[in-house]
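Chains U and H, in that order, give the protein sequences.
So the first sequence is numbered by our numbering: it starts at 1 and just counts up by one.
So the second sequence is numbered by our numbering: it starts at 1 and just counts up by one.
By construction, these hints were calculated from the structure, which means they are not laboratory data.
Where is the CB? At the ideal position from N, CA and C, for every residue including glycine.
You may find that some hints are simply not true.
If the Cβ cut is set under 10 Å, some of the chain H residues that face chain U in the computed set are [unchecked claim]: (1) 9; (2) 10; (3) 20; (4) 26; (5) 56; (6) 91; (7) 112; (8) 120; (9) 124; (10) 131; (11) 134; (12) 137; (13) 138; (14) 139; (15) 149; (16) 167.
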Amino acid sequence: MIKKFDKKDEESGSGSNPFQHLEKSAVLQEARIFNETPINPRRCLHILTKIIYLLNQGEHFGTTEATEAFFAMTRLFQSNDQTLRRMCYLTIKEMANISEDVIIVTSSLTKDMTGKEDVYRGPAIRALCRITDTTMLQAIERYMKQAIVDKVPSVSSSALVSSLHMVKMSFDVVKRWVNEAQEAASSDNIMVQYHALGLLYHLRKNDRLAVTKMLNKFTKSGLKSPFAYCMMIRIASKLLEETEGGHDSPLFDFIESCLRNKHEMVVYEAASAIVHMPNCTARELAPAVSVLQLFCSSPKAALRYAAVRTLNKVAMKHPSAVTACNLDLENLITDSNRSIATLAITTLLKTGSESSVDRLMKQISSFVSEISDEFKVVVVQAISALCQKYPRKHSVMMNFLSNMLRDDGGFEYKRAIVDCIISIIEENPESKETGLAHLCEFIEDCEHTVLATKILHLLGKEGPRTPTPSKYIRFIFNRVVLESEAVRAAAVSALAKFGAQNDDLLPSVLVLMKRCMMDSDDEVRDRATFYMNVLQQKQKALNAAYIFNGLSVSVPGLEKSLHQYTLEPSEKPFDMKTVPLATAPITEQKTEIAPVATSKLPEKVAPSRQDIYQEQLAAIPEFQGLGLLFKSSEPVQLTEAETEYVVRCIKHTFANRMIFQFDCTNTLNDQLLQRVLVQMEPSEAYEVLHYVPAPSLPYSQPGSCYSLVRLPEDDPTAVSCTFSCTMKYLVRDCDPNTGEPDDDGYDDEYVLEDLEVTVADHIQKVLKPNFGAAWEEIGDENEKEETFALATVRTLDEAVNNIISFLGMQPCERSDKVPENKNSHVLFLAGVFRGGHDVLVRSRLALADGVTMQVTVRSTDENVVDVILASVG
Amino acid sequence: MDSAALEPSLYTVKAVFILDNDGNRLLSKYYDPELYPSMKEQKNFETNVFNKTHKADNEIAFLEGMTIVYKSSIDLFFYVVGSAQENELMLMAVLNCLFESLSQMLRKNVEKRTLLDNMDGVFLVVDEIIDGGVILESDPQQVIEKVNYRADDNPLSEQSVAQVLQSAKEQIKWSILK
Numbered sequence: 001m002i003k004k005f006d007k008k009d010e011e012s013g014s015g016s017n018p019f020q021h022l023e024k025s026a027v028l029q030e031a032r033i034f035n036e037t038p039i040n041p042r043r044c045l046h047i048l049t050k051i052i053y054l055l056n057q058g059e060h061f062g063t064t065e066a067t068e069a070f071f072a073m074t075r076l077f078q079s080n081d082q083t084l085r086r087m088c089y090l091t092i093k094e095m096a097n098i099s100e101d102v103i104i105v106t107s108s109l110t111k112d113m114t115g116k117e118d119v120y121r122g123p124a125i126r127a128l129c130r131i132t133d134t135t136m137l138q139a140i141e142r143y144m145k146q147a148i149v150d151k152v153p154s155v156s157s158s159a160l161v162s163s164l165h166m167v168k169m170s171f172d173v174v175k176r177w178v179n180e181a182q183e184a185a186s187s188d189n190i191m192v193q194y195h196a197l198g199l200l201y202h203l204r205k206n207d208r209l210a211v212t213k214m215l216n217k218f219t220k221s222g223l224k225s226p227f228a229y230c231m232m233i234r235i236a237s238k239l240l241e242e243t244e245g246g247h248d249s250p251l252f253d254f255i256e257s258c259l260r261n262k263h264e265m266v267v268y269e270a271a272s273a274i275v276h277m278p279n280c281t282a283r284e285l286a287p288a289v290s291v292l293q294l295f296c297s298s299p300k301a302a303l304r305y306a307a308v309r310t311l312n313k314v315a316m317k318h319p320s321a322v323t324a325c326n327l328d329l330e331n332l333i334t335d336s337n338r339s340i341a342t343l344a345i346t347t348l349l350k351t352g353s354e355s356s357v358d359r360l361m362k363q364i365s366s367f368v369s370e371i372s373d374e375f376k377v378v379v380v381q382a383i384s385a386l387c388q389k390y391p392r393k394h395s396v397m398m399n400f401l402s403n404m405l406r407d408d409g410g411f412e413y414k415r416a417i418v419d420c421i422i423s424i425i426e427e428n429p430e431s432k433e434t435g436l437a438h439l440c441e442f443i444e445d446c447e448h449t450v451l452a453t454k455i456l457h458l459l460g461k462e463g464p465r466t467p468t469p470s471k472y473i474r475f476i477f478n479r480v481v482l483e484s485e486a487v488r489a490a491a492v493s494a495l496a497k498f499g500a501q502n503d504d505l506l507p508s509v510l511v512l513m514k515r516c517m518m519d520s521d522d523e524v525r526d527r528a529t530f531y532m533n534v535l536q537q538k539q540k541a542l543n544a545a546y547i548f549n550g551l552s553v554s555v556p557g558l559e560k561s562l563h564q565y566t567l568e569p570s571e572k573p574f575d576m577k578t579v580p581l582a583t584a585p586i587t588e589q590k591t592e593i594a595p596v597a598t599s600k601l602p603e604k605v606a607p608s609r610q611d612i613y614q615e616q617l618a619a620i621p622e623f624q625g626l627g628l629l630f631k632s633s634e635p636v637q638l639t640e641a642e643t644e645y646v647v648r649c650i651k652h653t654f655a656n657r658m659i660f661q662f663d664c665t666n667t668l669n670d671q672l673l674q675r676v677l678v679q680m681e682p683s684e685a686y687e688v689l690h691y692v693p694a695p696s697l698p699y700s701q702p703g704s705c706y707s708l709v710r711l712p713e714d715d716p717t718a719v720s721c722t723f724s725c726t727m728k729y730l731v732r733d734c735d736p737n738t739g740e741p742d743d744d745g746y747d748d749e750y751v752l753e754d755l756e757v758t759v760a761d762h763i764q765k766v767l768k769p770n771f772g773a774a775w776e777e778i779g780d781e782n783e784k785e786e787t788f789a790l791a792t793v794r795t796l797d798e799a800v801n802n803i804i805s806f807l808g809m810q811p812c813e814r815s816d817k818v819p820e821n822k823n824s825h826v827l828f829l830a831g832v833f834r835g836g837h838d839v840l841v842r843s844r845l846a847l848a849d850g851v852t853m854q855v856t857v858r859s860t861d862e863n864v865v866d867v868i869l870a871s872v873g
Numbered sequence: 001m002d003s004a005a006l007e008p009s010l011y012t013v014k015a016v017f018i019l020d021n022d023g024n025r026l027l028s029k030y031y032d033p034e035l036y037p038s039m040k041e042q043k044n045f046e047t048n049v050f051n052k053t054h055k056a057d058n059e060i061a062f063l064e065g066m067t068i069v070y071k072s073s074i075d076l077f078f079y080v081v082g083s084a085q086e087n088e089l090m091l092m093a094v095l096n097c098l099f100e101s102l103s104q105m106l107r108k109n110v111e112k113r114t115l116l117d118n119m120d121g122v123f124l125v126v127d128e129i130i131d132g133g134v135i136l137e138s139d140p141q142q143v144i145e146k147v148n149y150r151a152d153d154n155p156l157s158e159q160s161v162a163q164v165l166q167s168a169k170e171q172i173k174w175s176i177l178k
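Based on the provided sequences and hints, a complete structural model is requested.
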């Protein structure tokens with residue numbers, strides 16, 4: 001048994017812990033003295049402290065023993081020792097969840113809360129509210145109301161904060177205390193003001209009008225508490241965001257005025273609120289940036305950190321706004337707090353010029369090992385952004401990244417580096433070999449399966465086309481020998497690609513494959529056997545279809561189709577063409593690097609936009625039996641932005657029908673629209689078969705109506721058409737406040753802009769990772785070639801973008817990026833035409849006075865070739 | 001580093017803890033039930049924070065997606081944890097209030113032994129500064145007044161001779177009973 005004031009204990013050193021060897025059972029034994037009369041406050045106090053200490057250390061108390069100790073403790077309310085009583089309150093709060101029948105102390109606490117001793121009242125309220133449930137809350141409601149408006153600040157604050165905790169549990173009861181909270185908000189005490197404001201906001205946050213009113217009142221009366229100001233700034237910026245109010249609103253003025261507050265906390269909160277506002281102009285940012293600049297030279301580390309962190313945010317969107325602070329940021333590079341230094345450097349990397357990059361990189365590498373993983377990721381992100389800005393610096397960056405890759409670090413950090421290297425490789429063909437070499441070295445000792453498979457996939461894609469593909473084989477085969485199943489399988493796939501691309505490597509790859517066929521894992525063996533057989537055929541077309549360019553279907557779609565097929569047994573084999581194509585091309589995800597470690601959401605295959613549409617349309621009885629949705633276009637606006645009705649159209653293409661989905665929004669709050677449909681007048685041989693009207697369109701609730709159109713069957717080349725559209729509906733006037741409509745209405749119509757159907761609506765984008773192989777696979781049977789002069793186009797970039805958006809096909813081999821200072825370029829496009837015909841376009845562009853374009857089209861269907869050439873011309 | 005704006009709320013503090021110079025927990029309170037719900041996760045977090053912060057007195061750090069402000073005194077480390085978007089200066093205000101209050105209560109002897117000898121007072125101080133994650137008070141003077149706790153590390157100046165005798169008697173009695 002260790003006594004608190006046992007001086008002998010000092011022999012074991014002054015820093016020893018008197019609570020170190022506490023035994024729960026011994027302490028509970030000691031707790032028996034709570035029952036002695038008279039109560040010995042000192043000893044009881046000490047034992048209570050031990051109990052709380054044990055709870056704090058994570059000691060587990062069983063319900064029985066906790067309840068026993070709790071009941072013994074209740075006797076201590078007889079003592080009038082202040083500290084002892086306060087410790088009783090703490091024990092009650094700590095034990096509220098582990099002991100049974102804690103409510104027996106309710107009456108004692110109620111007595112203390114309404115008693116004469118002010119020191120007891122606040123803490124008693126907080127303890128009481130901790131053990132009170134909804135049913136008992138009614139009983140103490142009267143006391144709570146009194147306590148909220150009590151003139152003793154600690155009592156009022158305690159009551160307000162406890163009420164706030166109880167809002168989650170019994171909103172309806174606490175809501176009745178709004179008037180009291182309102183009164184408390186005008187208290188002189190700064191903390192009471194703050195707590196009252198917080199409670200009022202939580203009670204009213206769903207009522208935007210009430211929040212605005214409250215905010216107006218407080219901004220006028222002027223609160224004294226800096227905390228309350230910070231709270232108000234947050235409320236104001238949230239309101240601004242919700243109402244999308246312009247920056248001339250009084251709310252913005254209020255936030256800006258807070259930049260001149262005398263408390264740094266408020267000034268910083270205001271600056272950070274302005275910086276985080278979406279679409280802020282440089283002029284609006286300027287005052288916020290200049291106060292942050294002042295903070296950069298503050299002696300307080302926390303303030304410097306806050307300032308740099310916020311400036312770093314600004315630099316992401318408005319690098320030029322931060323340039324003024326470059327000097328201050330330079331000084332922070334040597335800050336003893338490494339977090340501040342890192343943030344300063346990454347900010348500088350975003351704002352600085354190309355010449356300063358080398359120096360900054362050198363500085364970062366001097367302390368990169370000292371900072372936490374979170375900041376390392378920040379550094380990598382900055383580097384990745386920099387590579388896109390200054391592609392010529394890639395060798396410096398690549399060196400730096402490979403060093404970082406060798407250091408210790410968690411998964412998020414490594415992933416950030418690998419993603420960054422991959423993006424450099426894709427941007428810069430010159431850096432490909434060094435980059436691949438670094439990655440090869442990395443997978444030699446990589447514990448993260450996800451990264452290893454990713455890199456192997458990349459090696460398979462890029463490796464065979466480098467000058468010396470053989471040197472990668474060793475790295476890949478090592479994986480087959482040493483790693484887990486998933487990595488081995490990925491390695492086998494990569495090997496196959498080398499074999500398919502390089503004839504001289506084929507024999508050795510086949511030997512390696514044979515060894516893989518003896519693997520212990522099913523997946524690895526299956527893959528090896530499959531590739532082995534494909535490779536032995538030595539046919540280019542097979543290689544292209546089964547090794548280079550895998551399935552381009554949407555995975556959830558395939559799953560659904562297969563399920564459907566198993567439900568309806570038939571003699572017919574499963575047709576791959578009935579599966580919807582994958583719409584989101586894989587390349588788009590690479591540019592944005594995942595946010596920092598904090599998000600722990602599991603990644604899963606979300607159904608794509610198109611899968612969602614497919615289900616929505618299938619739910620409409622009129623559209624049964626149309627087959628598979630082939631393509632859904634991006635929404636097209638058919639009205640100006642600020643009109644009475646907002647209509648946008650999504651074009652859904654099926655095998656020989658199209659559905660036009662009109663999403664309409666009614667922005668007039670005194671009208672209810674009914675039986676809304678969009679009438680369409682086609683210019684060509686298209687025929688409108690059916691209209692599905694939207695039954696009712698109340699104010700600001702979007703609704704959809706549909707039109708079903710048949711495509712001309714006799715002329716397959718008629719792919720483009722213009723529709724003139726008119727919205728027709730029945731108007732019923734209604735009361736803007738209640739939304740109650742009049743009994744009768746009248747018919748009306750509204751002319752919309754014309755809707756175009758173009759060739760792009762008939763083609764779905766498909767990514768062919770290896771365009772050359774796919775080109776050979778289709779062959780020149782239906783090949784046609786034509787030359788065009790694009791007189792209006794001035795640059796190759798412009799021409800490439802025009803062609804891509806016009807044809808709506810997927811650029812392959814990163815050919816959508818035109819290298820600088822070149823006057824010729826080849827663009828590769830791939831897609832699938834309506835009906836499931838593969839189509840590939842190779843377009844050679846030459847820049848002379850205008851742009852001359854030679855288009856070569858290959859497809860499995862002759863008509864498709866004609867359609868494309870006709871539409872281009 | 002997430003850019004999502006903060007939902008206006010009074011719940012500012014996610015956690016508070018005091019560690020000794022070996023990184024052992026002396027006191028810790030977690031106010032967000034979703035943050036490190038189990039004791040094991042809490043202790044892991046504390047160890048990680050301690051390892052990253054005890055070497056340099058840097059005042060502020062960003063770890064595991066949390067903003068952490070801290071302060072050390074002799075053989076003690078004080079930490080206040082908030083979300084990544086939290087106003088760092090608010091967290092600093094809490095940390096300073098905690099430190100100043102304890103420093104006053106312990107008569108400037110902010111070290112492990114004195115702290116542990118007055119653990120009950122320390123619990124009360126923390127309870128007065130933060131209630132369930134809400135900043136209850138930020139003025140050390142007010143905290144001290146509310147807690148109204150007499151630290152008895154120096155019995156002669158505070159207690160009467162009779163009290164000293166009484167406590168001596170008790171100690172003797174207990175050492176015999178032991």
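Consistency of the hints with the structure:
The criterion of a C-beta within 10 Å of any C-beta in chain U is met by residue 9 of chain H, whose closest approach is roughly 7 Å, and the hint holds. With a least beta-carbon distance of about 4 Å to chain U, the hint placing residue 10 of chain H at the interface is held under the 10 Å criterion. Taken as an interface hint, residue 20 of chain H checks out: its beta carbon lies about 7 Å from the nearest beta carbon of chain U, inside 10 Å. For residue 26 of chain H, the interface hint holds, the least distance from its beta-carbon to any beta-carbon of chain U being 8 Å, beneath 10 Å.
Taking 10 Å as the C-beta cut-off, the interface hint given for residue 56 of chain H holds, the closest approach to chain U being about 7 Å. With a least beta-carbon distance of about 8 Å to chain U, the hint placing residue 91 of chain H at the interface is held under the 10 Å criterion. Of the supplied interface hints, the one on residue 112 of chain H holds, with its beta-carbon coming within about 5 Å of a beta-carbon of chain U, less than 10 Å. Interface restraint check for residue 120 of chain H: the shortest CB-CB distance to chain U comes to about 4 Å, inside 10 Å, so the restraint holds.
With a least beta-carbon distance of about 5 Å to chain U, the hint placing residue 124 of chain H at the interface is held under the 10 Å criterion. Because the beta carbon of residue 131 of chain H sits about 5 Å from the nearest beta carbon in chain U, less than 10 Å, this interface hint is met. At its closest, the beta carbon of residue 134 of chain H sits 5 Å from a beta carbon of chain U; the interface hint therefore holds under the 10 Å criterion. A distance limit of 10 Å between C-beta atoms decides the matter here; for residue 137 of chain H the minimum to chain U is near 6 Å, and the interface restraint holds.
The beta carbon of residue 138 of chain H comes within 7 Å of a beta carbon in chain U, closer than 10 Å, and the hint placing it at the interface holds. Hint status for residue 139 of chain H: holds, given a least beta-carbon distance of 8 Å to chain U, under 10 Å. The interface hint given for residue 149 of chain H is met, as the beta carbon of that residue sits about 6 Å from the closest beta carbon of chain U, less than 10 Å. Interface restraint check for residue 167 of chain H: the shortest CB-CB distance to chain U comes to about 7 Å, inside 10 Å, so the restraint holds.
Of the hints listed earlier, there is not a single one the structure fails to meet.
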